Amino acid sequence: GQSLEQPSEVTAVEGAIVQINCTYQTSGFYGLSWYQQHDGGAPTFLSYNALDGLEETGRFSSFLSRSDSYGYLLLQELQMKDSASYFCAVKGTGFQKLVFGTGTRLLVSP
Amino acid sequence: EADIYQTPRYLVIGTGKKITLECSQTMGHDKMYWYQQDPGMELHLIHYSYGVNSTEKGDLSSESTVSRIRTEHFPLTLESARPSHTSQYLCASGRAGDNEKLFFGSGTQLSVL
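Chains A and B, in that order, give the protein sequences.
For what it's worth, this note's numbering labels the leading residue of the first sequence as 1, then goes sequentially.
For what it's worth, this note's numbering labels the leading residue of the second sequence as 1001, then goes sequentially.
FYI, nobody ran anything at the bench for these hints, they're computed from the structure.
Keep in mind it's a predicted model, so treat the numbers as computed, not measured.
Across the chosen pairs, the derived CB separations fall in these ranges: (1) Phe29(A) x Thr1015(B): 41 to 47 Å; (2) Pro1083(B) x Gly28(A): 34 to 40 Å; (3) Glu1079(B) x Asn21(A): 38 to 44 Å; (4) Gly15(A) x Ser1067(B): 47 to 53 Å; (5) Pro1083(B) x Ile17(A): 39 to 45 Å; (6) Thr23(A) x Thr1065(B): 33 to 39 Å; (7) Ser1084(B) x Gly41(A): 20 to 26 Å; (8) Thr1026(B) x Gly41(A): 17 to 23 Å.
Straight-line Cα separation of at most 25 Å, SDA-like style, residue types lysine to any residue; simulated pairs: (9) Lys1101(B) x Ile1069(B); (10) Lys1057(B) x Ser3(A); (11) Lys1057(B) x Glu1079(B); (12) Lys81(A) x Pro1039(B); (13) Lys1101(B) x Ser67(A).
Heads up, the beta-carbon is just placed ideally off N, CA and C, and yes, glycines get one too.
Using the sequences plus the hints, can you model the full thing?
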């Protein structure tokens, strides 16, 4: 099976930088994804890492270390609108399924 | 902009009723999924489909059933709703070979009284 662990909550102030970690255990690994979900909204895709290293997309970056079964999402120049839940996800056994982590609630204050 | 639609957005029904949650996508995606999510909690996969006439159960046991008669349509049915079915149901789709990027619908918030 698969399991993913994330911190339950992270707080930060506007303009700051925050890192959300994700550790995973899976029998087969095809990549780590990140999704953002605002309260009452649907998850939206943020980034994907198949190889080790850092992927940058605007204010958001995502990092993967396959040897450590670990990744993180880095959010820079935080804005109030970044307050949301963030989920990491991996392809599960059977290849076709995407399994989500427990989610991290990010609270950005003024 | 994702073109995946779920109806109804909200549904309140009594115990024992049969319901069908609708999900349609216009992107021609082969893969479709149903996730169940309680407030502030993780998403649990309950059903998925590789394509027409292909459906599989997910990791979370569910009393619901699905069908995939057309590529664009992936409805979920509860034959007899119970209060334990109260939850948000999210439908998603993705291209074959690109499972990492899923497009989600707005969800159906189901309340069973």
